[in-house]
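Asker: Work the whole structure out from these sequences, hints included.
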Amino acid sequence: MRGRQAATAGAIIGKIAGGAIGEMVDGTIGAVVETGARQLAAAGLSFGHGTTNAHDEAAWLVLWRLGLPLDSDLSALKNQPVTQAQLAQLAALFEERMHSRKPAAYLTREAWLQGVAFYIDERAIVPRSLIAELLADGSVDEFLGAHTRQVLDLCTGNGSLAVLAALAWPEVQVTGADISPEALAVARINVERHGLQQRIALQLSDGLSALPGPWDLILCNPPYVNAASMAALPAEYRAEPRLALAGGADGMDFIRPLLRTAAACMSDNAVLVLEIGNERPGFEAAFAQHPVHWLATSAGPDQVLLLTRQALALFFCS
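Heads up: the sequence shown begins at 1 in UniProt numbering, then just goes up one per residue.
Hints in this document: simulated from the structure, not taken from any laboratory. A couple of the hints might just be wrong.
[Stated by the list, open to error] Below, in silico cross-link-like pairs of lysine to aspartate or glutamate (DMTMM-like), each with a Cα-Cα straight-line distance of 20 Å or less:
no.	residue 1	residue 2
1	Lys102	Asp121
2	Lys102	Asp206
3	Lys78	Glu96
4	Lys102	Asp56
5	Lys78	Glu110
6	Lys102	Glu122
Answerer: Here's what the structure looks like:
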């Protein structure tokens, strides 16, 4: 039985290593990560759901499958032996990643944003909002004040921004809203996981329709991918809920009504922080000559913008 198990593990590992089993016979963490990384790269996968390259994704999968902290020092672990049973489990995990083309976070049921762990599954998109950076580095703080008490995370998805906002500003109350009951069910798991039930409320709403406010701060990472870009998305992104990504022909289908109606739901000194990704051309075509304040992130200077209530009322309201 032991020989049969070893043979089976070797056969599966052969799929991972492209037949180069010799690269993995030493059965160490370092060997598995390196071999897995080569195979992920050769499989033509797309990254961007927590990692940006094959090596980091391979390390993530290996550490997770072995029950090791994801921030472990790989150099210190590289010679740690891996059992045949563990190799078989790792082989199956890598095979599933390559065959299904699902984001790794859907396979592990866990995603990290700004060092905070969140539950995730296919009911919501994998959390990766650039707004999380701005909450962590304090870029938004200068636009807030003692009046900032009610925060809305619109299009909350799995609730990650709502949780990060509550952690960043202990004095505020947060509402996470989404049109998807399925996404809100995932968000509820994360609110409870972080013990924030008393500070985060979850609300089903189509845009702002069920959210009269007044809000002192609105965070929004909406569906903004334009139709041409949607058609070209890699399989990993197509595995996510289309509702959370597709923004119509120019990416502005959700954003247009939001900017027209937001001021009426905001307090006098409130601000809106809006992520638009790579859609600045579409945004500027739709809202020509309307002044905005761009907030720089690791992805560039023009993927997240900030609008005051006054600017919204003056330039965007119909």
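Asker: Could you run down the list of hints and mark each one as holding or not?
Answerer: A quick look at each hint next to the structure:
no.	hint	in the structure
1	Lys102 x Asp121	11 Å, holds
2	Lys102 x Asp206	27 Å, violated
3	Lys78 x Glu96	24 Å, violated
4	Lys102 x Asp56	16 Å, holds
5	Lys78 x Glu110	23 Å, violated
6	Lys102 x Glu122	9 Å, holds
Consistency with the previously given hints fails for numbers 2, 3, 5, ordered from lowest to highest.
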